[in-house]
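Trainee: Please work from the sequences and hints to get the whole structure.
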Amino acid sequence: MTVYGDKYAVIHYSGKQKYRVVNVDDCVASPETRIKDGAVFRYFSKVVKARQVQAEAKERESDKGQKQGQEQKQELGPTTIVGSIAEQMKSVLPSRETVLHAYCTGENEARKPAKELIYPFGLNESQIMAVERAFSSQISLIEGPPGTGKTQTILNIIANILLRGETVAILSNNNAAVENVYEKLDKVGLGYLVARLGNATKRKAFFEDLPDTPSAEPLPPPPMEKIQGILETVKADLHAQNEAARLQVELDELTIERRYFLKWQGESGSEASVPLKKYRLSSQKALDLVAYLSHLGTRRIGLRERFHFLIHFRILRVKPFYDLEWRKALIYALQLYYYDNELAAKKADLKTAQTRLTRNRFAGLQAELVAGSMAWFKHHLHEVIPQGTQFTLKTYHKKFGEFLRRFPIVGSSTHSIIKSIEEGTLLDYVIIDEASQQDIVPGILPLGCARNLIVVGDRKQLPHIPANVNVPPPAEFYDCDRYSLLDSFVGVFGDTVPITLLKEHYRCHPRIIQFCNQQFYDNQLVPMTEDKGEEALKLVVTAKGNHTRWNKNQRELDSLLETLRMEGDGALAEDGSRGFIAPYNAQVRLSRERLPAEYVKDTVHKFQGRECGEIVFSTVLDKKKSSQRSLGFVDDPHLVNVAVSRAKNRFTLVTGDDVFAAGNGHISALVRYIEYYADKKHVHRAPVVSAFDLLYQEYDQSLERLNARLRSRDSRYKSEQIVARLLRDVLSGTGYQGITFHCQIALIQLASLANEGLTAREREFMRNGASCDFVLYYKVGKAPLAVIEVDGGSHEAALQAERDNLKDSILVKSGIPMLRLQSVESHVEETIEAFIVACMKRQEAA
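Heads up: the sequence shown runs through residues 21 to 866, numbered per my numbering.
Among the clues, some could well be false.
PhoX-like cross-link-like pairs, simulated, lysine-lysine; straight-line CA separation at most 20 Å [unchecked claim]:
| hint | residue 1 | residue 2 |
| --- | --- | --- |
| 1 | Lys224 | Lys439 |
| 2 | Lys348 | Lys297 |
| 3 | Lys224 | Lys419 |
| 4 | Lys398 | Lys207 |
| 5 | Lys371 | Lys552 |
| 6 | Lys644 | Lys552 |
| 7 | Lys398 | Lys246 |
| 8 | Lys700 | Lys283 |
| 9 | Lys283 | Lys701 |
| 10 | Lys297 | Lys283 |
| 11 | Lys298 | Lys348 |
| 12 | Lys439 | Lys419 |
| 13 | Lys283 | Lys348 |
| 14 | Lys56 | Lys439 |
| 15 | Lys861 | Lys802 |
| 16 | Lys799 | Lys861 |
| 17 | Lys224 | Lys414 |
| 18 | Lys366 | Lys305 |
| 19 | Lys69 | Lys135 |
| 20 | Lys367 | Lys552 |
| 21 | Lys552 | Lys700 |
| 22 | Lys224 | Lys418 |
| 23 | Lys204 | Lys398 |
| 24 | Lys135 | Lys398 |
| 25 | Lys626 | Lys480 |
| 26 | Lys418 | Lys439 |
| 27 | Lys552 | Lys701 |
| 28 | Lys135 | Lys255 |
| 29 | Lys339 | Lys298 |
| 30 | Lys56 | Lys66 |
| 31 | Lys135 | Lys56 |
| 32 | Lys110 | Lys66 |
| 33 | Lys366 | Lys69 |
It should be emphasised that the hints constitute simulated quantities derived from the structure, not laboratory data.
Mentor: What follows is the structure, encoded as C-alpha cells:
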C-alpha cells in the first residue's frame with residue numbers, strides 16, 4: 021500500500037497486477053501471516069480440490085450422453101459452487117488480525133469488555149451473558165437450543181456492534197436463518213441498514229431496489245446513564261424470574277410425583293397415619309430417616325441404633341420403632357410428609373420471588389429498558405448513517421468503505437461472502453448462524469474477512485451432512501468429514517473460547533420441552549411457558565406385527581387416524597397448525613396420500629428450524645425388520661430432539677410395540693416419559709387391529725378367534741386363508757346370499773383372448789397361466805362380479821409390479837372390477853364389504 025498526500029492510498033495485490041485507489045481513512049494496516057502456507061489451510065485447499073473432482077465425476081455420470089444438460093448443470097450445479105469456493109479461498113486475506121489466523125493457530129485473543137451495552141430487542145439472563153461475552157473475546161460461541169431466543173440475541177449483538185461504529189456480516193448456509201434476522205429488523209424499521217447480498221441474483225435484486233434512509237428525526241432517547249441504571253436493576257430481577265420459573269417446574273414435578281404416590285398407596289393399601297410433627301424433621305431429614313429405616317429392615321433396636329436416632333434425628337423415645345409394622349407405616353408417612361413439606365417450601369419460595377418481581381415493577385422496568393435502548397439505538401443511527409448515498413452493483417466495490425458506512429450490516433451466505441465484499445476488506449465482526457449445520461468448508465471463508473467472530477448453533481440438533489473425501493486432516497478437530505464448524509471450534513479452542521448456553525425457553529409447552537431438557541440438555545433449560553393443564557402429550561402404539569414396508573408404515577397412519585376419530589379430532593387451544601414428520605421420505609409420501617391436507621408433512625431433517633402447534637412424529641420401524649443401522653438412525657438423539665421440539669402445544673408419538681424397548685434409547689425414554697406424564701385417555705395401544713396381523717409371529721390376542729377359523733385347504737398362503745374366511749363372513753350376511761367366490765381362477769377363463777383391446781404382451785401373460793386370487797360370481801348364471809387380489813411385500817418389487825400392471829390392464833379392458841388388498845392394510849373386512857356393495861350397484865346400474 022502506498023499513501024499519497026495523507027488522503028489517498030494505492031493498494032497493490034500480491035501476485036497480481038490489480039491495484040485500487042481508496043480513501044486513506046478506509047484503510048487499516050494489518051500484519052501479514054503465513055497461515056495459507058500452513059498445514060491447516062493446505063488441508064482445506066486439498067478438501068476443496070477433492071470435492072471438485074468428486075462433483076465433476078458425479079455430474080459426468082448423471083449427464084452422460086446429454087451434452088446440453090451437462091452444460092446447464094455445470095452452470096448451476098455443485099461443480100460451479102465448489103469451484104467458486106476454491107476461487108474465494110485464493111482471495112482470503114493473509115492477515116494476522118483475522119479470525120482465520122486464530123482458527124488455524126488455535127490462538128483466541130481476549131478483548132476489552134464492552135461498556136454501556138444496550139438491549140433494544142429484549143433480554144433475559146442468558147442473553148445478557150451471551151452479549152457480554154461476544155465483546156470480551158475475539159471468538160465466542162452461543163449454543164441456542166430450540167425456542168431460546170437465538171435470533172433476539174443475534175440482534176442485540178448487532179445493535180451493540182453498530183453502536184461502537186463497527187461493521188458486521190450475518191451469515192448462514194441456511195437462507196431461512198438470515199431471512200429471520202432481516203424480517204425482525206424490518207419489523208422495527210431498521211431493514212434499511214442491511215445490504216442483502218449473497219449470490220449474483222440476490223446482489224442484483226438488492227441494488228435494483230436500494231432501501232431509503234429514514235429522514236425523520238427519531239424521538240430523543242433517555243440518557244445512557246439512566247438506561248444502564250435500569251439494566252443493573254433488571255439483571256437482578258431476571259435472575260429472580262429464572263428462579264421462579266425453575267421453582268414452578270419443580271412444583272409441577274413434585275405434584276405429579278405426589279399424585280402417583282397417593283395412587284400407589286390407595287392401590288396397595290399402604291395408607292399410613294403416623295403423627296410426625298413432634299419429630300420436627302426437614303424434608304432432607306425425612307428422606308434420611310426413610311433411608312435409615314430401610315437400612316435397618318427387620319433388625320432389632322440396640323444401643324447403637326438408639327444412639328444413631330438421637331444424634332442424627334434427635335429422637336430419644338424409640339420404643340415405637342420396636343414394632344415392625346409401625347416402622348413400615350412410618351416410612352409411608354415420611355414419604356408423604358416429604359412431598360407435602362417440599363411443596364409447601366417451594367410454594368413459599370415461589371411467592372417470595374414473585375413478590376420481589378412485583379415490588380420492583382419488573383415487567384414495567386424491562387419494557388422501559390427495551391424501549392429506551394431502541395430509542396438510543398435509532399437516535400445513534402440517525403446521526404451516523406449517511407443520507408442520500410447511491411450505489412450500483414458495478415460500482416459499490418470501488419466505494420466499499422463508504423458503502424459499509426451506509427450499510428453496516430452485510431447479509432450473505434457463507435459461500436458467497438468474499439464475493440460480496442471488496443477484496444482485502446476486513447469486517448469487524450462476522451456472526452455465523454446455524455453453525456451446527458455448517459460444513460467447515462466453506463465455513464472458513466468468512467473467517468478470512470473478519471477480525472471477530474460469533475458462532476451460533478446447537479450441537480444437540482441435527483448436524484450437517486458432510487461430503488466425505490477422506491483427505492487426512494492435520495489435527496482431529498479440523499476434520500471436514502467428521503465435524504461441523506461449531507463442533508470444530510469447540511474442539512480446536514476448548515476452554516479458551518467462552519460458550520454461552522441460552523437457557524430460557526419460550527416456544528413449547530413445559531411438558532413437551534421438559535423431555536428435551538431432561539434427555540438432552542442436562543436440565544439446564546428454564547421453561548418460561550406456562551402449564552395451564554393442557555393435554556400436551558399423546559402416545560399411539562400400533563398393534564403387534566411387522567407393519568414396515570420399504571421405509572413406510574401404513575399401520576401407524578391408520579392408528580393415528582383412528583385415535584383422531586375416537587377423540588373427536590379436537591382443535592388446539594392456540595396455534596392450530598399441524599405437522600406430520602417422519603425419518604423417511606417414503607413415510608412422508610404415504611402420509612400425503614392418507615392424512616388430512618391440514619397437516620404439513622415433511623421429514624424431520626427438513627423440519628429443523630420450523631414449528632407447528634401440534635407435531636405428530638411417526639417412527640416407522642417395526643421390531644422384526646429393523647436393522648441396528650436403521651434403529652440407530654431413527655433413535656439418533658439429534659433427530660429425536662428436533663422432532664419433539666418442533667411442537668409448541670401438543671406432541672404425538674406414533675410408534676410400534678416394543679420396537680425401541682430393547683435398549684435404553686431415546687425413543688424408549690420418550691415412550692416412558694409420555695406414559696408417565698400424559699393423561700391415560702391419550703395413551704392408545706393397538707387402536708387398529710387388522711386380520712392380516714395373523715401373518716406375523718406376534719399379533720394381538722383379539723385375533724385368536726379368527727385364527728382358529730382359518731382353513732388351510734383354502735390356500736397355501738395364510739394371507740389368502742384370511743381373505744377367504746373374511747369373504748365367507750361377509751357373504752353370509754343379508755343381501756349377499758346370491759354371491760359366491762372361487763380361488764385361483766385362471767385369467768384366461770375370465771378375460772377373452774379375442775378382446776381387440778389387449779396387447780400381444782397381455783395375451784402372452786394370459787397364456788402363461790396367470791391367475792386371480794379370488795373371483796366373485798353370481799351363483800345363478802355363474803357371471804363374474806369382481807376380482808380380489810392379495811398383495812404381499814414382494815409386490816413392491818419391479819418384476820411383480822409389472823405383472824400386477826398387466827393383470828390390472830386386462831381386467832379393466834374386460835370390464836371386471838378388481839380390489840387389491842395389501843397385507844399391511846387395516847379394516848380389511850370393511851374394505852371387502854364396501855367393494856362388493858359398489859360392484860353390485862354397478863351391475864344394477866348397467
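Trainee: Next, verify each hint and record whether it holds.
Mentor: Right, here's what the structure says about each hint:
1. Lys224 to Lys439: Distance ~13 Å between Lys224 and Lys439 Cα, so the pair holds.
2. Lys348 to Lys297: holds, 18 Å
3. Lys224 to Lys419: Holds, because 17 Å separates the two Cα atoms, which is no more than 20 Å.
4. Lys398 to Lys207: holds, 14 Å
5. Lys371 to Lys552: At roughly 18 Å apart (the allowed maximum being 20 Å), Lys552 and Lys371 satisfy the hint.
6. Lys644 to Lys552: Violated: Lys644 and Lys552 sit about 41 Å apart, past 20 Å.
7. Lys398 to Lys246: holds, 17 Å
8. Lys700 to Lys283: holds, 14 Å
9. Lys283 to Lys701: Judged against 20 Å, a Cα distance of about 17 Å means the pair holds.
10. Lys297 to Lys283: violated, 24 Å
11. Lys298 to Lys348: Holds, at roughly 18 Å.
12. Lys439 to Lys419: holds, 15 Å
13. Lys283 to Lys348: Given pair Lys283, Lys348 holds - Cα atoms ~18 Å apart, limit 20 Å.
14. Lys56 to Lys439: At roughly 19 Å apart (the allowed maximum being 20 Å), Lys439 and Lys56 satisfy the hint.
15. Lys861 to Lys802: holds, 18 Å
16. Lys799 to Lys861: holds, 17 Å
17. Lys224 to Lys414: Holds - the C-alpha atoms of Lys414 and Lys224 are around 10 Å apart, at most 20 Å.
18. Lys366 to Lys305: The given pair, whose Cα atoms are some 17 Å apart, holds under the 20 Å limit.
19. Lys69 to Lys135: Between Lys69 and Lys135 the Cα gap is close to 45 Å, so the pair fails against 20 Å, i.e. violated.
20. Lys367 to Lys552: holds, 17 Å
21. Lys552 to Lys700: holds, 18 Å
22. Lys224 to Lys418: Distance ~16 Å between Lys224 and Lys418 Cα, so the pair holds.
23. Lys204 to Lys398: holds, 15 Å
24. Lys135 to Lys398: Between Lys135 and Lys398 the Cα gap is close to 19 Å, so the pair holds against 20 Å.
25. Lys626 to Lys480: Roughly 16 Å between the alpha carbons, so the hint for Lys626 and Lys480 holds.
26. Lys418 to Lys439: holds, 13 Å
27. Lys552 to Lys701: holds, 18 Å
28. Lys135 to Lys255: The given pair, whose Cα atoms are some 15 Å apart, holds under the 20 Å limit.
29. Lys339 to Lys298: holds, 15 Å
30. Lys56 to Lys66: holds, 12 Å
31. Lys135 to Lys56: violated, 35 Å
32. Lys110 to Lys66: Status holds; Cα separation ~13 Å.
33. Lys366 to Lys69: The hint is violated at about 61 Å.
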